[in-house]
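Asker: If you want the building blocks of each chain, they are given just below.
Number of protein chains: 2
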Amino acid sequence: MTRRELHLNLFVYPGGHHEAAWRHHASDPGQILDIGFYQDLARRAEAAAFDAVFFADGPALADNVRYASRFRLEPFTWLSAIAAATERIGLIATASTTYTEPYNLARLFASLDHLSRGRAGWNIVTTGAPQAARNFGLDAHPVHAERYDRAREFVDVVTRLWDSWEDEALVADQKTGLFADTDRIHAVDHSGPHLTVYGPLNIPRTPQGRPVYVQAGSSEDGRAFAGRYAEAVFTAHQTLGSAQDFYADIKARAATLGRDPSKVLVLPGISPFIGSTEAEARALYDEFNELTQPEYSLQQLHRILGVRLTEEQLDGPVPRELIETGGERGNGSRFQVILDIIDREQPTVRGLLHRLAGARGHRVIAGTPEQVADQLQEWYEHGAADGFNIMPPWLPGGFDLFADHVVPILRERGLFRSSYTGTTLREHYGLARPDSQYASPRA
Amino acid sequence: MTRRELHLNLFVYPGGHHEAAWRHHASDPGQILDIGFYQDLARRAEAAAFDAVFFADGPALADNVRYASRFRLEPFTWLSAIAAATERIGLIATASTTYTEPYNLARLFASLDHLSRGRAGWNIVTTGAPQAARNFGLDAHPVHAERYDRAREFVDVVTRLWDSWEDEALVADQKTGLFADTDRIHAVDHSGPHLTVYGPLNIPRTPQGRPVYVQAGSSEDGRAFAGRYAEAVFTAHQTLGSAQDFYADIKARAATLGRDPSKVLVLPGISPFIGSTEAEARALYDEFNELTQPEYSLQQLHRILGVRLTEEQLDGPVPRELIETGGERGNGSRFQVILDIIDREQPTVRGLLHRLAGARGHRVIAGTPEQVADQLQEWYEHGAADGFNIMPPWLPGGFDLFADHVVPILRERGLFRSSYTGTTLREHYGLARPDSQYASPRA
Chain Z
1 MTRRELHLNL FVYPGGHHEA AWRHHASDPG QILDIGFYQD LARRAEAAAF DAVFFADGPA
61 LADNVRYASR FRLEPFTWLS AIAAATERIG LIATASTTYT EPYNLARLFA SLDHLSRGRA
121 GWNIVTTGAP QAARNFGLDA HPVHAERYDR AREFVDVVTR LWDSWEDEAL VADQKTGLFA
181 DTDRIHAVDH SGPHLTVYGP LNIPRTPQGR PVYVQAGSSE DGRAFAGRYA EAVFTAHQTL
241 GSAQDFYADI KARAATLGRD PSKVLVLPGI SPFIGSTEAE ARALYDEFNE LTQPEYSLQQ
301 LHRILGVRLT EEQLDGPVPR ELIETGGERG NGSRFQVILD IIDREQPTVR GLLHRLAGAR
361 GHRVIAGTPE QVADQLQEWY EHGAADGFNI MPPWLPGGFD LFADHVVPIL RERGLFRSSY
421 TGTTLREHYG LARPDSQYAS PRA
Chain H
444 MTRRELHLNL FVYPGGHHEA AWRHHASDPG QILDIGFYQD LARRAEAAAF DAVFFADGPA
504 LADNVRYASR FRLEPFTWLS AIAAATERIG LIATASTTYT EPYNLARLFA SLDHLSRGRA
564 GWNIVTTGAP QAARNFGLDA HPVHAERYDR AREFVDVVTR LWDSWEDEAL VADQKTGLFA
624 DTDRIHAVDH SGPHLTVYGP LNIPRTPQGR PVYVQAGSSE DGRAFAGRYA EAVFTAHQTL
684 GSAQDFYADI KARAATLGRD PSKVLVLPGI SPFIGSTEAE ARALYDEFNE LTQPEYSLQQ
744 LHRILGVRLT EEQLDGPVPR ELIETGGERG NGSRFQVILD IIDREQPTVR GLLHRLAGAR
804 GHRVIAGTPE QVADQLQEWY EHGAADGFNI MPPWLPGGFD LFADHVVPIL RERGLFRSSY
864 TGTTLREHYG LARPDSQYAS PRA
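Same order as they appear, the protein sequences are chains Z and H.
If you're matching positions, the first sequence starts at 1 in the working numbering and goes up one per residue.
If you're matching positions, the second sequence starts at 444 in the working numbering and goes up one per residue.
Heads up, a few of these hints could be off.
Unchecked claim - Pairwise CB distance ranges (calculated): (1) Z:D40 - H:S883: 47 to 53 Å; (2) Z:T310 - H:Q617: 55 to 61 Å; (3) Z:D189 - H:A722: 31 to 37 Å; (4) H:K618 - Z:D189: 58 to 64 Å.
As the list claims (entries may be wrong) - Residues on chain H that point at chain Z, a partial pick, calculated with CB under 7 Å: (5) A469; (6) P472; (7) L476; (8) S512; (9) E517; (10) A526; (11) L555; (12) V586; (13) G620; (14) N645; (15) G652; (16) L782.
Hints are computed from structural coordinates only; laboratory data are not their basis.
The model shown is predicted, which means the values in this text are computed figures rather than measured ones.
Where a beta carbon is used, it is the ideal one built from N, C-alpha and C, also for glycine.
Generate coordinates for the entire structure from the input sequences, incorporating the hints supplied.
Answerer: Given below as structure tokens:
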């Protein structure tokens, strides 16, 4: 039996996750578009034996790019160049089921999986940003339920495309002249309410068969989707209790559908500020928060809560009632995370903005390496996490502190690998390689 | 004044361009999905100071993959990994205006141009393959004229997306907190018959401003499109006269539209079989042709001519009348190339199939290095070409022979560079970097 070990991803965000990271003297904004910077970062994560690097994405420009590094690196191109500079670390790309064509998306992932020799993962998202719809010929974005409806159909279709070449279909026998056994290449022939795709894919089956399926929505639709499809789930929690509830819920949903719950990894986001003393770590955290720009932070809050607060309200209490009743919410599950913070900590508006500046509702830990390791271990050992999505406040230093000081402690405690045992992301995550659904039964 | 020099691209095709290349003992079919193989090949082309590597593409599986390596490597991922293994060589990706969304495509190219530091080129195609339509929810592919209509609108829209960030928009001033000057980021706000895109792009302007625009259709619609948009044109010609006519036509079309004809490079495809004697080169050529499979070759002919010939007809004359009147043609301009071969050479059906096996209607030259160089020089100096798209019959040997034996002769004759003078594809091709159309007039 394999020993259970926690999993660690590096969630890469241009400039770092803290909204003011790019302004800090430890950051070099001249490098935010330099692929070499990201290749180096991935090499460091690989040297630390991390499971994967992960890139978020979205098909629109954020309104508030005036104040923060909120442009988007395109994940397929960026991760392909990173694949070329690394050998083992997984490569997880976010891609939308709302605004891409399944045939195109299936090809991008198949190709990424081939060129990385089996390291691709797909963070499956639906796109809700209203700006995105207007970039794709729509006046308004599809409603939540309809987006998930398309997402399910989309995943079923691309799965069949990835399966459309059986593993044995590529023969390439120089002597007989048989390049591909077309009896083992299958039309998908899908025609559904949202999508019509005939297939087959024009790329042979990949090292992993399919990319690892990752999911990050925590709404009711999102959880149902995760229970059915996800092999890893990214999620945001501030407290052990909330993370435990979510963890139990996802595992139960998977089990109900006949899946092995241990093959659905729950990975909360953690943004660590690390110092040699707790005071030093807190001072560092404050240093970043002092660089925030209230106009930006208020826009971010509005994006999540649908309520517009003003600079005049910064030093007053958070108007809880207004928040609970007002506005259309951009992100339902994140809304609850923020309400909980308000109830638990009773912050001023400025205090709340600072609480969210680090990681947009994900958990920020400021402490010594031991304290950070303790927190991770607690969640890991108490049914709240199978591992973590590490969200460095700034790059590369915020990651280096974690890799150099927290990772060794996790290893000493027997919680994290000291080197890779496999070569594919499925192997890092302990997931089996799926057979093609078209595969002939084995003798 | 810069001396005129010819341009050379390496057109990469899995296995090589000869339809039976993968069967030849010089090929290793085990490498056709190995990114390392293609990275090595690009490094060789870079060592030879080639302008670019070029990947074709299409969003469907060819019917006849049973007999030949006719799957598709996805160009954006593949070229991004190649970018990471090279420093100077251009990277030209084929991408369809028929079956992609402009916002997604604009992001892929912007990102490729950033990560390659200005080496991206876009081979702009419309997709006519009937199998493709069925992968994108359509029963039949759009008619030719409508596809070009959408293509024009598409190019105009993505051009504006690439221009939507002025060069000075990215400020990233840590002190003032201004990340991007939003007065210099522009909505595209396009609403046309085929496309609605609001913008702006979510990626800052790229090193080249826009990828180099390449075009490869030689139909009337294709030529009109090239005259208006193309900065490099790929084309297939068997004779000097045909290439000269095409060359003059493209340059005239560009001039009529007020463009500088020297900034529209015409690059015919050439597939060279090279031997130390002409007899050796011909023997090599025959060796490959003997590996062809008539069933495959007849399918290919049917794809181009719309006429289905049979194995019984292989050793008889080509039924010219049937070909001229029968069938729906897949590729109008290639049709004329083949009719000309039939008229000029009066081949048997098998002879015609062999003539097309090398490069699907592109010119095949079998000869000594001097003979090959002579042929290129003749076309280059007689108004038929500004350079060539080199299509090695097999890989990597077919390319190595050209790089090792023909390139030095071209250099001795002062026809080709011995090293790069620039770092971007625009610089290799002698093209200026375009200003953003939204740029404020310079003082």
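Asker: Now, for every hint given, state plainly whether the structure supports it.
Answerer: Hint check results:
no. : hint                        : in the structure
1   : Z:D40 - H:S883: 47 to 53 Å  : violated (36 Å)
2   : Z:T310 - H:Q617: 55 to 61 Å : violated (26 Å)
3   : Z:D189 - H:A722: 31 to 37 Å : violated (52 Å)
4   : H:K618 - Z:D189: 58 to 64 Å : holds (60 Å)
5   : A469                        : violated (11 Å)
6   : P472                        : holds (4 Å)
7   : L476                        : holds (5 Å)
8   : S512                        : holds (6 Å)
9   : E517                        : holds (4 Å)
10  : A526                        : holds (6 Å)
11  : L555                        : holds (5 Å)
12  : V586                        : violated (20 Å)
13  : G620                        : holds (5 Å)
14  : N645                        : holds (4 Å)
15  : G652                        : violated (14 Å)
16  : L782                        : violated (29 Å)
Consistency note: the structure conflicts with the earlier hints numbered 1, 2, 3, 5, 12, 15, 16.
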